[in-house]
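Peer 1: Counting along the sequence shown from 1, when you hit position 52 you're at 52 in UniProt numbering, and nothing is skipped either side.
None of these hints come from the bench; they were simulated from the model.
For glycine and all other residues, C-beta sits at the position ideal for the given N, C-alpha and C.
Keep in mind that the hints are not guaranteed to be accurate.
The calculated label-pair distances, taken between Cβ atoms and stated as ranges, are [what the hints assert, rightly or not]:
| no. | residue 1 | residue 2 | range |
| --- | --- | --- | --- |
| 1 | Asp42 | Asn76 | 26 to 32 Å |
| 2 | Gly64 | Ser122 | 19 to 25 Å |
| 3 | Gly109 | Asn76 | 24 to 30 Å |
| 4 | Pro85 | Asp41 | 40 to 46 Å |
| 5 | Arg113 | Tyr45 | 19 to 25 Å |
| 6 | Arg46 | Val125 | 25 to 31 Å |
| 7 | Phe43 | Ile111 | 46 to 52 Å |
| 8 | Ile111 | Asn76 | 33 to 39 Å |
| 9 | Gly69 | Asp115 | 19 to 25 Å |
| 10 | His44 | Gly109 | 17 to 23 Å |
| 11 | Thr97 | His56 | 17 to 23 Å |
| 12 | Lys47 | Ser71 | 39 to 45 Å |
| 13 | Ala62 | Thr120 | 18 to 24 Å |
| 14 | Val114 | Asp42 | 24 to 30 Å |
Below are the PhoX-like pairs computed for lysine-lysine, each with C-alpha atoms no more than 25 Å apart in a straight line [to be verified]:
| no. | residue 1 | residue 2 |
| --- | --- | --- |
| 15 | Lys47 | Lys98 |
| 16 | Lys66 | Lys128 |
| 17 | Lys59 | Lys128 |
| 18 | Lys128 | Lys72 |
| 19 | Lys72 | Lys59 |
| 20 | Lys98 | Lys72 |
| 21 | Lys47 | Lys59 |
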Amino acid sequence: MESNFEWITANGDIGIRFFHSIDGGPRHVPMGFTSGLIVDDDFHYRKPIMYHYIGHISKYIAPGAKRIGWSKYGANLDVTAAVNPDGSYVVILLNRTKEDSGCFLRVNGHIMRVDLPAETLSTVVIEK
Numbered sequence: 001m002e003s004n005f006e007w008i009t010a011n012g013d014i015g016i017r018f019f020h021s022i023d024g025g026p027r028h029v030p031m032g033f034t035s036g037l038i039v040d041d042d043f044h045y046r047k048p049i050m051y052h053y054i055g056h057i058s059k060y061i062a063p064g065a066k067r068i069g070w071s072k073y074g075a076n077l078d079v080t081a082a083v084n085p086d087g088s089y090v091v092i093l094l095n096r097t098k099e100d101s102g103c104f105l106r107v108n109g110h111i112m113r114v115d116l117p118a119e120t121l122s123t124v125v126i127e128k
């Protein structure tokens, strides 16, 4: 998820190949990025975890959103953030650990604590 999480948000663009064959192809780079669905030779499909990540992210980050900067301390949390065209801020947090965790968000001088259950993808939306 880490490389995909960073790739999804790189340069503020979101570009995802939605279908891959069972062997993960076609890819434009070695060990490329995952897809939403994996389709086998009999056209059966399965939904890897990235399928759910894509759905979650696309539910909250609107078309035309711009990636915004963030900082974190520690390696157990993946983060991405964007500002939507309506001015709302979206922060998506992935707690990879098997333990509940938490973090503090600071946006425009306001600070809030966010509790992150173990192994969850969480989203904070701050309306304009």
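Peer 1: Looking back at the hints listed earlier, which ones does the structure fail to meet?
Peer 2: Violated hints (numbers, rising): 1, 5, 8, 10, 12, 14; every other hint is consistent with the structure.
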